[in-house]
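Student: As a plain string of letters, each chain reads:
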Amino acid sequence: MSHQDRQLVENVLANAPGAFERLVREYQGLCWHIIYRMVRHPEDARELCQDTFLRVHQHLRQYRYESALKSWIGRVAYTVALRYLERKRIAILDVGEDGDGLDLSDKLSDGFDLEAAYVDSDMAARLHAAIETLPPLQRTVLTLYHLDELSIDDIAGITGLATGTIKSHLFRTRLRLRAQLETAYGVAP
Amino acid sequence: MNREPHDERMEREWALQERAARAERLGLDENNDQALQRYRTVMRALRQPLDENLPADFASSVAMEVRRHVAGDTRLELYLSWALLGVLVGMLIGVAVRYAGSWKPLLPLVLSQPWLLALAGVLVLLASSKLLSVPRHPSDESPRRLG
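First to last, the protein sequences are chains A and B. The first sequence begins at 1 in our numbering and counts up one residue at a time. The second sequence begins at 1 in our numbering and counts up one residue at a time.
Don't read these hints as lab results, they were simulated from the structure. One thing to keep in mind: the hints can contain errors.
SDA-like cross-link-like pairs, simulated, lysine to any residue; straight-line CA separation at most 25 Å [to be verified]:
hint, chain 1, residue 1, chain 2, residue 2
1, A, Lys88, A, Gln28
2, B, Lys104, B, Gly90
3, A, Lys70, B, Pro55
4, A, Lys88, B, Asp51
5, A, Lys88, A, Ala130
6, A, Lys70, B, Leu26
7, A, Lys70, B, Gly90
Stretch-level coverage of chain A by chain B, calculated; a stretch enters the list once three of its residues show a Cβ under 8 Å from a Cβ in chain B [to be verified]:
hint, region
8, 38-51
9, 68-81
10, 167-177
Here chain A is said to cover these stretches of chain B; the calculated rule only asks that three of the stretch's residues, wherever they fall, bring their Cβ under 8 Å from a Cβ of chain A [unchecked claim]:
hint, region
11, 8-21
12, 35-44
13, 61-74
Each residue gets a CB set at the ideal place from its N, CA and C atoms; glycine is no exception.
Produce the complete structure using the sequences and hints provided.
Tutor: Pasting the structure below:
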């Protein structure tokens, strides 16, 4: 909990002019990444982001400064997105995915130059398409770790999952992405 | 599902992934390792901004929406206060009418003391001014959703 966050929360609770808008501006990116990655529907994701910040405002007095503000707000956003997916009966995990990743590791090639291939925009498009087809939870975990640069502990705080589970998702999903690309470009296992 | 990468090969692969992530994050130049470069390609794609974003005025719209909600809550409290006051006044009138007969002998006594009437008037004025001083927000309109 940084001093700036504490100050910001106190200002919002004291109804200081512009304080809540500053809080939203500070954390809207994180909120969007969580919700859009989970939900994937832009209009619904925008509404859910709005709901998230309305809840944050409504419940800010319950925030006890025990975790970072970004984790607390991220947790609210994650819960809002999770409820949406439950209502729509969308699974957040791929139920068939419970291997340990070794089989994928076996398929990886040592002789394929992905770096050169990435120059091809088709390669980038394939990679993004592969990310889009991941289950909501894996997509979100990857985005929080790589794009928002959150620590594994922070992601565990937001999702309520154990750090070992977060690591496992990161490991297997990155392995899977690499294998998918190499398969797409005709590299023999 | 809940296991960390456990054996030696997986540990090496995990370390390689983390090295690639760190190299992309810090923009390090480590071109000598081909396997690392392959993971860096994946990490680069994972660091790309999302294709959709929130509108530029999202923060100000949400802040305005919150003000509307707060104003709406205050208005509800005000309506409830008036409703309660109405019920109390009604009960008071009912009691006055019911027991009017027994209070009649006291009426000339009260009327003979004008300061009692003045005191009652002041109390009513004070209560009214307090009720009317509940703040109302200028942007108090019906709530709307962000587009």
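Student: Assess, step by step, whether the Cα of A:Lys88 is no farther than 25 Å from the Cα of A:Ala130, and give holds or violated.
Tutor: With a Cα-Cα distance of about 23 Å, the restraint between A:Lys88 and A:Ala130 holds, given a limit of 25 Å.
Student: Are there three or more residues in the region 167-177 of chain A whose C-beta lies closer than 8 Å to some C-beta of chain B?
Tutor: The restraint on the region 167-177 of chain A holds, since 7 of its residues have a Cβ under 8 Å from chain B and three suffice.
Student: State whether the coverage of the region 38-51 of chain A by chain B holds or is violated, taking the criterion as 3 or more residues with Cβ-Cβ distances under 8 Å.
Tutor: Coverage by chain B holds here, the residue count being 6 at a Cβ distance below 8 Å.
Student: For the pair supplied as a hint, A:Lys88 and A:Gln28, confirm whether the alpha-carbon distance does not exceed 25 Å.
Tutor: holds, 24 Å
Student: Within a Cα-Cα threshold of 25 Å, do A:Lys70 and B:Pro55 meet the stated pairing?
Tutor: holds, 21 Å
Student: Taking a Cβ-Cβ distance under 8 Å as contact, does the region 35-44 of chain B have three or more residues in contact with chain A?
Tutor: holds (count 9)
Student: Take a quick look at whether A:Lys88 and B:Asp51 sit within 25 Å of each other, Cα to Cα.
Tutor: holds, 23 Å
Student: Are the Cα atoms of A:Lys70 and B:Leu26 separated by 25 Å or less?
Tutor: Answer holds: A:Lys70 to B:Leu26 is near 23 Å, not above 25 Å.
Student: Mind checking, does the region 61-74 of chain B have 3 or more residues with a CB under 8 Å from chain A?
Tutor: Our answer is that it holds, as 6 residues pass the Cβ test (under 8 Å) against chain A, meeting three.
Student: Please verify the coverage claim for the region 8-21 of chain B: does it have three or more residues whose C-beta sits within 8 Å of some C-beta in chain A?
Tutor: With 6 residues closer than 8 Å to chain A, the region 8-21 of chain B meets the three-residue bar; holds.
Student: Check whether the Cα positions of A:Lys70 and B:Gly90 lie no farther apart than 25 Å.
Tutor: The given pair, whose Cα atoms are some 52 Å apart, is violated under the 25 Å limit.
Student: Is the Cα-Cα distance between B:Lys104 and B:Gly90 25 Å or less?
Tutor: holds, 20 Å
Comparing the model with each earlier hint shows violations of hints 7, 9; every other hint is respected.
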